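Trainee: Residue numbers (UniProt numbering), protein chains in the order written: chain A, 1 to 342; chain B, 1 to 342; chain C, 1 to 342; chain D, 1 to 342.
Be aware that a few hints might be false.
[Stated by the list, open to error] Coverage of chain B stretches by chain C, computed from C-beta distances (three or more under 8 angstroms per stretch; other residues unrestricted): (1) 149–160; (2) 198–211; (3) 226–234; (4) 241–250; (5) 268–281; (6) 300–311.
[As the list claims (entries may be wrong)] Lysine-lysine pairs mimicking DSSO-like chemistry, simulated, CA-CA at most 27 angstroms apart: (7) B:Lys-186 x B:Lys-111; (8) A:Lys-36 x C:Lys-30; (9) C:Lys-186 x A:Lys-186; (10) D:Lys-36 x B:Lys-186; (11) D:Lys-3 x D:Lys-36; (12) B:Lys-3 x B:Lys-36; (13) C:Lys-111 x C:Lys-186; (14) D:Lys-186 x B:Lys-186; (15) C:Lys-111 x C:Lys-3; (16) A:Lys-186 x C:Lys-36; (17) D:Lys-3 x D:Lys-30; (18) A:Lys-3 x A:Lys-30; (19) B:Lys-36 x D:Lys-186; (20) A:Lys-186 x A:Lys-36; (21) B:Lys-111 x B:Lys-3; (22) D:Lys-186 x D:Lys-111; (23) C:Lys-36 x C:Lys-3; (24) B:Lys-3 x B:Lys-30.
Because the hints were derived from the structure by calculation, they are not lab data. Note that this is a predicted model, so its numbers are computed, not measured. Cβ atoms here follow ideal geometry from the backbone N, Cα and C, with glycine treated the same way.
What follows is the residue order along each chain.
4 protein chains.
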Amino acid sequence: MIKVGIVGGTGYTGVELLRLLSRHPGVELKAITSRKEAGLRVDAMFPSLRGRVDLAFSAPESAGLAQCDVVFFATPNGIAMNEAVALLDAGVRVIDLAADFRIRDIAEWEKWYGMTHAAPSLVAEAVYGLPEVNREAIRDARLIANPGCYPTAVQLGFLPLIEAGVIDTATLIADCKSGVSGAGRKAEVGALFAESTDSFKAYGVAGHRHLPEIRQGLSRVSGAPVGLTFVPHLTPMVRGIHATLYGRLDRDIDLQALFELRYHDEPFVDVLPAGSHPETRSVRGANLCRIAVHRPQGGDTVVVLSVIDNLVKGAAGQAVQNLNLMFGFDEAAGLDIVPLMP
Amino acid sequence: MIKVGIVGGTGYTGVELLRLLSRHPGVELKAITSRKEAGLRVDAMFPSLRGRVDLAFSAPESAGLAQCDVVFFATPNGIAMNEAVALLDAGVRVIDLAADFRIRDIAEWEKWYGMTHAAPSLVAEAVYGLPEVNREAIRDARLIANPGCYPTAVQLGFLPLIEAGVIDTATLIADCKSGVSGAGRKAEVGALFAESTDSFKAYGVAGHRHLPEIRQGLSRVSGAPVGLTFVPHLTPMVRGIHATLYGRLDRDIDLQALFELRYHDEPFVDVLPAGSHPETRSVRGANLCRIAVHRPQGGDTVVVLSVIDNLVKGAAGQAVQNLNLMFGFDEAAGLDIVPLMP
Amino acid sequence: MIKVGIVGGTGYTGVELLRLLSRHPGVELKAITSRKEAGLRVDAMFPSLRGRVDLAFSAPESAGLAQCDVVFFATPNGIAMNEAVALLDAGVRVIDLAADFRIRDIAEWEKWYGMTHAAPSLVAEAVYGLPEVNREAIRDARLIANPGCYPTAVQLGFLPLIEAGVIDTATLIADCKSGVSGAGRKAEVGALFAESTDSFKAYGVAGHRHLPEIRQGLSRVSGAPVGLTFVPHLTPMVRGIHATLYGRLDRDIDLQALFELRYHDEPFVDVLPAGSHPETRSVRGANLCRIAVHRPQGGDTVVVLSVIDNLVKGAAGQAVQNLNLMFGFDEAAGLDIVPLMP
Amino acid sequence: MIKVGIVGGTGYTGVELLRLLSRHPGVELKAITSRKEAGLRVDAMFPSLRGRVDLAFSAPESAGLAQCDVVFFATPNGIAMNEAVALLDAGVRVIDLAADFRIRDIAEWEKWYGMTHAAPSLVAEAVYGLPEVNREAIRDARLIANPGCYPTAVQLGFLPLIEAGVIDTATLIADCKSGVSGAGRKAEVGALFAESTDSFKAYGVAGHRHLPEIRQGLSRVSGAPVGLTFVPHLTPMVRGIHATLYGRLDRDIDLQALFELRYHDEPFVDVLPAGSHPETRSVRGANLCRIAVHRPQGGDTVVVLSVIDNLVKGAAGQAVQNLNLMFGFDEAAGLDIVPLMP
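So here's chain A without its partners, still in its complex pose (with noise of 0.2 angstroms):
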């Protein structure tokens, strides 16, 4: 049984990794950190898990975070780069599930996140744990970079186009479309039930934080920088990202069996039959990425649908497929959840 620490327990990240963690059977929860709520029970915060996290929230001093093998940051952006070097000092491995360490280029990050960064020599160690593309680098890293939400369905989807180069890198598009559950567990206006149902809407076209990060994955993939237009949407619902990819074909291939090669391997991956179209509840509480590719009227645009839950393989889910990645468990160690449906 390894130890672990979550820092930031109170946001949907956090309750998401205890719903997963608490059924995990290598790993002892250790502490759970709320600077606001230390002293309550976790499951007075969060029914859902009573009898399940016999746990109150500690203040982040007396948690005893160093003595945990692994620390989960499920923390608001610019806290883990300030608090990840005194854990790594001390022998602890960090798991980030905010965006501190996702981007490469300092000046980039702090263009977008608008900070100044803390520790740009631990960006330069950190490991981007996306397993599909760097499993075994995951293994033995200190500090996984856990992907933002969209960056991960979009990459999934792209992915193979990108690698067996059949497509113009200088024109991918990337239409978005995310549950509220994305927006966090803040006091916001925008995100109250009755300003969000009912009701469909884009944001950030001008610019979102994610954007950099697909690029810099995709670039990456590609070996030269792409050029990607990402508009994210909300939709009224609680969990699920459905990414809906666009793409022009340089040369005709295969496109089925380009996707199944590429993922037949992969756990937590899925290509869906040709002519599908995923839906996001198909994978809702799973670690999973569902996608289908099409090419419409058999022009030379194909068309990705990518799905995830955000909370689970785009956020909380991946990063305990991390850590079972860093610790020699089973990769499917605790994911081992059958989507709800209805």
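For chain A, the structure is supplied; the task is to place chains B, C and D on it using the hints.
Mentor: Okay, now just chains B, C and D, sitting in the frame of chain A:
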């Protein structure tokens, strides 16, 4: 490993049984029948089960149900009463998730269900599968009448009060609210998204089929006929029942202690701290009933709030709990699921 | 054209007043105040009003409210009791959509609202703005206490029974369900989409501020104090209240005829045919209360189903109805809206 | 007052026509037909219309449609092409809300709709009822082909760019999201609440019937065939279409000024300020298209966001707008509705 068959696998209780049984450590799924969909892979209809259920629907005749140890009926009312006898004669135990064996009084059943009963003798034999009342009888039963969703929530809420003899049983009120999945996976205009979202209504105020089932259960405990007004409502959510129960106290008693004592050893009934208001989402996807008991302004009206997931503790989960009792498994086998929140 | 001002225009009752008044033929909107948003165009905050409301929010001091004929307070509780007196002294009539003037018993009000009342003498003068009870007094009122949302639905449902003296007024039960807009447009975690969708819960069972308001209204009609258990619930929809009311009949009566007669001449109360179940969406966006009355299984329990749109007949629409009475307009002026279905 | 008939009054476009026409100052509703519901009062099926529509459904034969001035077909595809000719011969003008007369190329229509066209000569005569393009022709038309919902949102979004000749018309992309009411009021499993809430999916990626309609409209404006990829999606809300449109700019231009100029005099198209993200709810219930135009990061991709209510500007509202033009009413008669928010 016991061999399990399901008759009628295309509705919500059927697919929910599949979700639960696909993870059950002691169960081997042998057959799922659907006359209409025979030959179709189950995961083609329910993509959430891809990689989990490697079966196609069978025609009932060729499903080999007689070779199973137990067969679930996840069928409309009126099917099991015709088909169960042959299975029982073949030594197969049967759990009926429909209403065929729930009501002891055949005339009463025929009045509410509008059919002539095909197997009155089986009704006499059947055990009503509410483990919190009938656990020992369930262990030895050949035939289980799995309770209805409303009856489960209402009975678990009223039981401690009636057993203790502290309320007037002539003036009980059960004001119940159900999610739309309770209407089943049938093509009906009233259950369309555009007809049932963003709206709330009562239905069946003049009389609902679950009324005689609840009355029978409560009267058995009371030792005399109870008087009950039961008003069901439809609320725009998928899963969940919230029962708000009203009774008139005959005498003073520590209600919180009464409820905690009654359910202290029950694995799937959770009495919340005094002053709580259980949310249906706190049991979403899990085999749980959470209950809170109130006495507003210290008057003589007791208000009980009781929530379940209608597809789990109100149907498929309770059926698996019954299976566990019948075959000597851990009562929680296959039911180790943390509610999905948010 | 009368000149109208609104104090507090950024909440849901404020924007709903704007929707209704922007189409009112006898009204000129002079000012909408918001201390926080002063200077911002109203349609920048509420794009639904583009082309309809050509105003910016004003600071209260510079809004010229004293030059208006009538001022609505769409503010939190505790504002109008401080600000109304100056307006009244200037000859401006006032309609308060908050609770400041609803409860006659000052001590009772102070207990439930947790404040010292600033203007007890105005409470004595204020007319409770439920036209179905107080139409004539409203016409001449200087100051209207616009009823709460639950109190409107509950009183209209119980009134015919209590006026006719046919139920036991000591054991009334009001089981009420409200859409989330009732919580207002405030940034609170509990009202987030991801916290309140796809779930159902009770709240305030120990005591809700609308309880004394309902008790006062029913007691006045009854001529003696009534006993009421009131349990409010939150249902995942935007607009709408569904009140399910229970009473014990003292004697036999034609309930359908009683209700139809009582509301025959009321323009905004619609008694449905016997056996009906009103849906909240059947009044969505409209100033209507639809009611059905049942007597399940012919017993001595009467069940009344009463639905309103909490923002219209439960708030802004009723306020406009009161304005119409006060200024001699057609009672339906500005309220000629067909409910939005679906 | 002109006399109006509606063929097929039980679907969502039918009841929406009733909502709008019941308040139209120049219209007298003479008949609403439904073969299946003949004899049933309209407000028994649609209680939202109680007190508004005092009619019963008629059988088509006995509805007296030939005595009307204009008849709307709110029917499935393939009805109007058989029935319109007799009405036109009787001097009745016809507005078809289905697709029978939308596609000029009969072979193309027959391919997409899977029927033999019954009235090709009427197709040649019919005027495509998009007032922003065909206002003058509509005034004199005997027969209107009312546009589809997606085609309305997409064409209004692309028109200014194509008319100005500033984008590459060979690589247009329309990523569209529709509420569930677009599927109609038909009993189908896929449109059930429990099947479509809290989930998001694409559909018809291989080809959707609105593709040829959009291509025809844009090609006519462009003067040459356009290349379009059209991907529709289903989003869990009732009303609303959000079209996200992508085009490649050929040359530099002030996009905001271009759009504002193009729609300056249009009563029902609203160009939002630069940087805006229109929400579908900002047009809920109203005959409006709101548009924002973006150029992310100043690149050569233009992104247009275009929202309508699919039942109003995408169907019944546009049909009433066409009626107003045909009969010389104010173009906004009966359409003076403020969007419902929240």
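Trainee: Now, for every hint given, state plainly whether the structure supports it.
Mentor: Structure-based check of each hint:
no.	hint	result
1	149–160	violated (count 0)
2	198–211	holds (count 9)
3	226–234	holds (count 5)
4	241–250	holds (count 4)
5	268–281	holds (count 6)
6	300–311	holds (count 4)
7	B:Lys-186 x B:Lys-111	holds, 24 angstroms
8	A:Lys-36 x C:Lys-30	violated, 45 angstroms
9	C:Lys-186 x A:Lys-186	holds, 12 angstroms
10	D:Lys-36 x B:Lys-186	holds, 21 angstroms
11	D:Lys-3 x D:Lys-36	holds, 23 angstroms
12	B:Lys-3 x B:Lys-36	holds, 23 angstroms
13	C:Lys-111 x C:Lys-186	holds, 24 angstroms
14	D:Lys-186 x B:Lys-186	holds, 12 angstroms
15	C:Lys-111 x C:Lys-3	violated, 36 angstroms
16	A:Lys-186 x C:Lys-36	holds, 21 angstroms
17	D:Lys-3 x D:Lys-30	holds, 6 angstroms
18	A:Lys-3 x A:Lys-30	holds, 6 angstroms
19	B:Lys-36 x D:Lys-186	holds, 21 angstroms
20	A:Lys-186 x A:Lys-36	holds, 14 angstroms
21	B:Lys-111 x B:Lys-3	violated, 36 angstroms
22	D:Lys-186 x D:Lys-111	holds, 24 angstroms
23	C:Lys-36 x C:Lys-3	holds, 23 angstroms
24	B:Lys-3 x B:Lys-30	holds, 6 angstroms
Hints 1, 8, 15, 21 from the list above are not met by this structure, while the remaining hints are.
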